[in-house]
Amino acid sequence: MGTTLDVRVKRAGKVYRDGEVLSGVVVITSKDTVQHQGISLTMEGSVNLQLSAKNVGVFEAFCNTAKPIQIINSTIEMVKPGKLPSGKTEIPFEFPLQMKGNKVLYETYHGVFVNIQYTLRCDMRRSLLAKDLTKTCEFIVHSLSQKGKLLPSPVDFTITPETLQNVKERASLPKFLIRGHLNSTNCVITQPLTGELVVESAEAAVRSIELQLVRVETCGCAEGYARDATEIQNIQIADGDVCRGLPIPIHMVFPRLFTCPTLETTNFKVEFEVNIVVLLHDDHLITENFPLKLCRM
Amino acid sequence: SYFLRHARARNYVSESEMCKLESVPLDFGDYHPLKPITVTESKTKKMTRKGSTSSTSSSSSSSMMDPLSSVLDGTDPLSLFAAAADPVTTASPTDGARRKRDKDESSAVGSDFEPWSSKRGEILARYTTTEKLSINLYMGSEKGKATTTGSAVSEKVRTRLEELDDLEEGSQKELLNLTQQDYMNRIEELNQSLKDAWSSDQKVKALKIVIQCSKLLSDTTVIQFYPSKFVLITDILDTFGKLVYERILSMCVDNRVSLPDNFSPESVNDTAKETCLNWFFKIASIRELIPRFYVEAAILKCNKFLSKTGISECLPRLTSMIRGIGDPLVAVYARAYLCRVGMEVAPQLKESLNKNFFDFLLTFKQIHGDTVQNQLVVQCVEIPLYLTLYSPAIDWILQCIAYHAPDVLLTEMMERCKKLGNNALLLNSVMSAFRAEFIAARSMDFIAMIKECDESGFPKHLLFRSLGLNLALADPPENDRLQILNEAWKVITKLKNPQDYINCAEVWVEYTCRHFTKREVNTVLADVIKHMTPDRAFEDAYPQLQSIIQKVITYIYDFALLFSVEKFLPFLDMFQKESVRVEVCKCIMESFIKHQQEPTKDPVILNALLHICKTMHDSVNALTLEDEKRTLATLINGFIKMVSFGRDFEQQLSFYVEARSMFCNLEPVLVQLIHSVNQLAMETRRVMKGNHSRKTAAFVRACVAFCFITIPSLSSIFTRLNLYLHSGQVALANQCLSQADAFFKAAVSLVPEVPKMISVDGKMRPSDAFLLEFLCNFFSTLLVVPDHPEQGVLFLVRGLLNVIQDYTWEDNSDDKVRIYTNVLHLLSAMTQEAFIYHVDKVDSNDTLYGGDSKFLAEINKLSETVVSQILDHLKNLGKEESLKRQSQLAHYFFNTILAHGDLRNNRLNQLSVNLWNLAQKHGFADTKTMVKTLEYIKRRSKQPEMSHFTDLALRLPLQSRT
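Residue numbers (this note's numbering), protein chains in the order written: chain R, 1 to 297; chain C, 1 to 962.
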C-alpha cells in the first residue's frame with residue numbers, strides 16, 4: 001500500500017455534545033514523501049429520510065421532501081498544497097461543534113426510515129496522476145441534557161382475557177391473570193427500563209415472555225405523512241412455565257445508536273414504544289403496548 | 001621364566017599399631033571442624049541478604065556461616081515468596097488493620113472453602129447417561145431476523161450481515177445421536193475453538209460460540225445428564241469470562257505498568273472502559289434469557305472496570321432475573337452458577353447468596369407441578385432420580401451460604417427448609433453443605449427430622465448417608481452417641497436394596513469405629529455380612545466393602561484387638577474376586593507393618609496374618625508383574641521380621657519352616673527366611689556364649705540344614721552364591737565344619753554356571769564385576785577355613801582356582817589375572833605364623849599345621865603356578881592395542897609384590913624392577929602414580945629392617961612422558 005489516511009478523534013466513545021470542541025488527529029502514513037494539493041477536513045451532519053415501499057405510491061409528492069436535511073456542514077483547510085515527509089505524520093485538529101442561530105443539533109440515530117448521522121471527512125487532493133484520498137469517520141452526537149426534572153410516570157397493568165382487544169373467539173382463550181407495573185414510561189435513555197410482572201394464574205403453560213422495543217418513525221410534511229413501527233430489539237424476560245405469583249423483573253437496556261431521545265420536528269418524528277409479549281403454550285400471543293418517552297439527562 | 005616366590009613375613013599386631021592414625025591431643029580452644037557452631041556476632045542477617053555470594057565474606061568473619069541456617073532466615077525463594085504474598089505481615093502496624101480489613105473484603109475465599117474444581121469431577125462421574133445426546137448450534141441464527149426486518153434495511157447493512165452469515169455458514173449445524181463421550185469431546189472442541197477465535201481476534205465469533213453454548217443449557221432433554229452438561233458448559237463460560245477480563249485488563253496497561261490487583265475504576269483508561277461497556281451493551285441485547293444471563297454472569301468481574309458498586313448492583317439484578325427461568329432444574333443450576341461466580345468475584349456479598357436460596361425455596365413447589373411431571377413422563381425418568389439431579393446445585397448454593405456463616409443464619413435456613421414440608425431433598429443438601437460440627441451437634445434433631453420428613457420420592461438412605469458423612473468428620477455430643485448409632489442403624493438395616501444398604505453402611509462404619517468398642521464394630525460387620533451375602537450381593541459392592549475394611553483398620557490398628565473382632569475374618573471371606581482380595585490383604589499388611597511396634601507371637605495374629613499372606617502369595621502366577629511380586633514379598637517379609645517367639649528358638653525355626661512351605665513362590669521371601677534362620681543360629685550362639693551344648697549344636701545344625709536345602713531353590717545365581725558364602729560363614733562360626741565345607745563346595749561348583757550377562761533391574765549387564773567381588777570375598781573367607789582332614793592341603797582354594805582357570809572369561813578382560821593377583825594376597829597371608837583373623841573356637845590352618853614346611857611348600861608351589869600364569873598373561877598383552885592394559889596390570893602386580901613380597905630375595909627384587917619398567921615402557925603409565933609409588937618406597941626405606949628399599953628405589957627409574 002502506498003499512502004494511507006486516517007482520522008482519529010480523541011474520545012474513545014466518539015461522543016460529543018453541542019458546544020464542545022471536537023479534537024483529534026489526521027494520520028498519514030507513507031513510505032515515500034507525499035505530494036499533495038492540500039488537505040481539508042469536513043464536518044457533516046444530516047438527516048436521511050427514506051420512504052417505506054408501501055407508501056411510495058401513495059405519496060409521490062414526497063420525493064421532494066425526502067431529500068437529506070442538512071444539519072451542519074463546515075470545512076477547514078488543514079494543510080496547504082505541498083509535500084509531506086515519509087513515515088507517519090500526525091496533524092492535530094480542533095473543530096468546534098456549534099450550531100448557528102437557533103438550529104438544533106439532533107442526536108445521532110440509526111433507524112429504518114430516519115437516519116441521523118455525523119461524520120468527519122478528510123480529503124487529500126492530489127495531482128492528476130494520483131487518486132485523491134478520502135477517509136470518513138463517524139462521530140456520535142448526544143443532545144444536551146433536557147432542562148427540568150424528569151417526572152416518573154409509573155404504570156400499573158393487568159392483563160386478562162377480558163382486557164384484550166382484537167380477539168376473535170374470546171371463549172376459546174385460556175384463563176389467565178397477569179399483573180405488573182413499569183416504574184416509569186418517561187425514561188432516561190442511559191437508564192434501563194424497569195418494572196415487574198407477575199403471572200398470578202394461567203391455565204395454559206407459559207412459553208415465553210418478551211419485551212419488544214419498537215420505534216415509531218413518522219416522515220411527512222403538510223401534504224401527508226408516513227408512519228411506520230419496526231422492532232429494534234426483543235428481550236426475553238421469562239423462558240418456560242414460570243412460577244405463579246412470583247414477580248419477574250422487567251429490565252431492558254436501551255441500545256445505543258438505535259435509540260435517541262424522543263424527537264419531534266416539522267419533517268419527521270421518532271418515537272418509541274415497548275410491547276410486553278406473552279406467549280402461551282398453545283400459541284396464544286398476548287401483547288400489551290406502552291408508549292415511552294425517552295430523554296437524555 | 002621361573003621364579004620362586006617369597007612372601008614377606010608379617011607381624012599383623014605391630015603393623016596395625018603402626019598403621020593407626022596418629023592420635024593428636026585435642027586442643028579445645030582451637031578451631032575444629034566438628035565443633036558446634038557458635039555465633040559470636042549477629043551479622044548473619046545483613047550478609048544473607050546478599051544471597052549466596054556472601055559465603056566468601058562470611059569466612060572472614062569469626063562466626064561460622066552455616067549454609068542451612070542462612071536458608072532459614074528468609075532468603076530462600078519459598079519464604080521470600082511467602083513474605084511477599086502476605087502483605088499484612090509486611091505492612092506497617094498503623095495501616096495493618098486497614099489492610100487486613102481490605103483483604104478480608106476483597107480477597108478470594110480461603111482455602112477452607114471447598115472449590116468448585118473439586119466438585120466438578122464428582123458430578124461428571126455421577127451424572128451420566130447412555131442415551132443419545134444432541135447439540136444444536138446455529139451460529140448464524142440472527143440471519144432470519146435480520147432479513148425479516150425487511151426490505152427497508154439499508155443496502156450496506158444488509159451486505160454486512162450477509163458477510164457475517166457467510167463467515168459462519170460452515171458452523172451452522174445440528175449434531176444428533178451423540179454418545180456421552182462424543183458430546184464431551186464436542187464441547188471440548190467448542191472450548192478450543194472459542195480460544196482460537198479469541199486469539200485470532202474474532203471477538204464476535206467468540207461471543208457467538210459462548211451464546212450458543214449457554215443456549216444448550218436451556219435444553220433439558222436427557223435430563224439425567226443435565227448436571228454434567230452444566231459442568232462442561234460453565235467451563236467454557238469461565239474461559240470466556242477470563243479472556244474478556246484479561247483483555248480489558250491488558251488495555252489498562254499504562255507505560256508498561258499494569259494495574260494493581262486492587263485497582264479502582266478511576267484508574268482505568270477510557271478505551272478500556274469503552275470496550276467494557278461495549279461488551280455489556282452487546283450482552284444486554286441478547287434476545288434469549290438464559291444465554292443473556294449466563295454470559296453476563298460470566299463477565300461479572302468486568303464490572304470492576306466501570307464502577308465500584310457495579311458488582312453489588314449486578315448480583316441482585318441477576319438473581320431476580322433467574323425468576324424468569326421456568327424450568328426449576330435449569331433455574332437452580334443458573335443460581336448455582338451465579339453463586340459460584342459471586343463467591344469468586346465478591347465473596348463478601350452474602351445477601352445475594354441468601355436471596356438465591358430463598359428464591360429457590362419460593363419456586364420449590366414447581367418441582368411437583370404439571371409441567372415438570374409431564375416432562376418426566378415423556379423422558380421416562382422416575383421422581384427419585386429426578387430429585388437427585390438437584391443435589392449438586394443446591395449443595396453448592398448452601399455451601400456458599402454456609403461458608404463462615406454464623407450459626408444463627410444456619411438455624412434460620414434450617415427452619416425455612418422445615419417450613420417447606422421438611423423436604424428430604426433440602427434436608428439432604430443442608431447436611432452436605434453445612435459445617436459438619438453444626439450438623440453433628442444437632443444429630444438427634446436431624447434424625448428426628450429425617451424420620452418424619454416428607455420423602456416425596458427422595459431416597460431416605462441418602463439422607464442417612466449424608467448424616468453419616470458429617471458424623472465421620474465431627475463428633476456429636478457424648479451422651480447422644482450410642483442413641484444416634486442405634487437410631488441410624490435401625491433404619492439402615494431395613495434397607496432392602498444391597499447397593500443402597502452398603503452405601504449407607506460404608507459411611508456409618510467410620511462413625512462406629514471412631515466412638516465405640518470392638519463389640520459394636522463386630523455387630524456392624526456381622527450385619528453387613530448378613531446383608532451382602534444373599535445372592536452374592538457383595539460382588540457388586542467391592543469398593544464399598546474395601547473402604548469398610550480400610551476404615552476399620554485405620555481405627556483399630558492393634559492387631560490383637562482387630563483379630564478378636566470375630567466377624568473380621570468372615571468379612572474378609574466376602575472378597576471373592578482375587579484381585580480385590582489381594583488388594584485388601586495388602587492394605588491389612590501395610591497397616592500391620594506400619595503400626596506393629598513389638599515383635600509378636602500371638603497365635604491369633606500369626607494364624608490370621610499367615611492366612612492373609614498366604615492369600616497374597618497364592619495370587620502370584622506367571623502373569624504377575626515383577627513390581628507386584630516385589631510389593632507382595634516386601635509385605636510378607638515385613639511380617640516375617642515381626643514374628644518372634646523370644647527364647648523359644650525351636651518354635652521360631654518351625655515357624656520359618658512353615659513359612660517356607662507357604663511362600664515358596666516368592667524368592668525374596670525365601671531369601672529373607674534364610675537370613676532369618678542364619679540370624680537365629682547366630683542368636684543361639686550368642687546365648688550359649690559360643691559353647692554349644694549337644695542340644696543347641698543339633699539345633700544349629702538343623703538351622704544350617706534349613707539353609708542348605710533352601711538355597712538351591714533360588715533362581716538368581718549371585719543370590720545363591722552369596723547365600724552359600726554367608727551361610728557357610730554362619731556354619732563355621734557355629735563350629736559346624738563339615739556343613740561349612742559343604743556350603744563352600746557348593747559355592748565353588750556353582751561358579752562355572754555364572755553367565756556372562758545377568759539381568760540387573762531389568763537390564764542386561766556384564767556379570768564380571770559381581771563375580772570379581774564375590775570371589776575376593778570368598779577367598780578372604782577361605783583363609784580361616786581349616787582343611788578337611790581327608791582332602792588334600794588347601795583343597796578348597798585349589799578347587800576354586802581350578803574353576804577360575806576353566807571359567808570362560810571375556811576375551812579381552814583382565815579379570816582372571818586380577819583375581820590371581822588377589823590370590824597372591826591370600827597365599828602370602830597363609831604363610832604367616834598367625835593369621836590376621838580367626839573365627840572364635842575354630843582352629844584355622846595356622847594352628848593346624850603350625851607353620852609346617854610341607855604346608856609352606858604347597859603354598860609356594862601354588863604361588864609359583866599363579867605367578868607364572870600372571871606373567872604369561874602379561875606377555876600376551878604385548879600387542880599394540882593392549883599395551884595400556886599391560887602397563888596397568890604390571891603396575892598392579894608390582895604393588896602386590898611391594899606389599900606382600902619379601903624383596904630381600906634377589907629374584908623377586910629383579911622381577912619387581914622388571915615389572916616397574918614394563919609398566920612404563922610404552923608410556924601408558926600415569927606419571928603421578930609412579931612418582932607417588934616411588935616416594936612411598938623411599939619413605940618405607942627409612943623404617944627399620946627396610947633398608948633394602950633404598951637399593952630398590954635406586955633401581956627404579958622414572959620415565960618422563962616426553
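What the hints contain is simulated information worked out from the structure, not anything from laboratory work.
Just to be clear, a hint being listed does not mean it is correct.
[To be verified] Computed cross-link-like contacts, DSBU-like style, restricted to lysine-lysine with a CA-CA straight-line distance of at most 30 angstroms:
1. R:Lys149 to C:Lys273
2. C:Lys641 to C:Lys518
3. C:Lys355 to R:Lys10
4. R:Lys135 to C:Lys282
5. R:Lys10 to C:Lys273
6. R:Lys293 to C:Lys282
7. R:Lys14 to C:Lys308
8. C:Lys518 to R:Lys14
9. C:Lys273 to R:Lys135
10. C:Lys203 to R:Lys135
11. R:Lys100 to R:Lys175
12. R:Lys14 to C:Lys242
13. R:Lys147 to C:Lys518
14. R:Lys10 to C:Lys203
15. C:Lys301 to R:Lys88
16. C:Lys365 to R:Lys175
17. R:Lys269 to C:Lys282
18. R:Lys10 to C:Lys282
Keep in mind the model is a prediction, meaning the values are calculated, not measured.
Going through the hints against the structure:
{"no.": "1", "hint": "R:Lys149 to C:Lys273", "result": "28 angstroms, holds"}
{"no.": "2", "hint": "C:Lys641 to C:Lys518", "result": "28 angstroms, holds"}
{"no.": "3", "hint": "C:Lys355 to R:Lys10", "result": "44 angstroms, violated"}
{"no.": "4", "hint": "R:Lys135 to C:Lys282", "result": "27 angstroms, holds"}
{"no.": "5", "hint": "R:Lys10 to C:Lys273", "result": "15 angstroms, holds"}
{"no.": "6", "hint": "R:Lys293 to C:Lys282", "result": "23 angstroms, holds"}
{"no.": "7", "hint": "R:Lys14 to C:Lys308", "result": "24 angstroms, holds"}
{"no.": "8", "hint": "C:Lys518 to R:Lys14", "result": "80 angstroms, violated"}
{"no.": "9", "hint": "C:Lys273 to R:Lys135", "result": "26 angstroms, holds"}
{"no.": "10", "hint": "C:Lys203 to R:Lys135", "result": "25 angstroms, holds"}
{"no.": "11", "hint": "R:Lys100 to R:Lys175", "result": "59 angstroms, violated"}
{"no.": "12", "hint": "R:Lys14 to C:Lys242", "result": "27 angstroms, holds"}
{"no.": "13", "hint": "R:Lys147 to C:Lys518", "result": "86 angstroms, violated"}
{"no.": "14", "hint": "R:Lys10 to C:Lys203", "result": "24 angstroms, holds"}
{"no.": "15", "hint": "C:Lys301 to R:Lys88", "result": "38 angstroms, violated"}
{"no.": "16", "hint": "C:Lys365 to R:Lys175", "result": "21 angstroms, holds"}
{"no.": "17", "hint": "R:Lys269 to C:Lys282", "result": "27 angstroms, holds"}
{"no.": "18", "hint": "R:Lys10 to C:Lys282", "result": "23 angstroms, holds"}
This entry does not satisfy hints 3, 8, 11, 13 and 15, going by the numbered hints stated previously.
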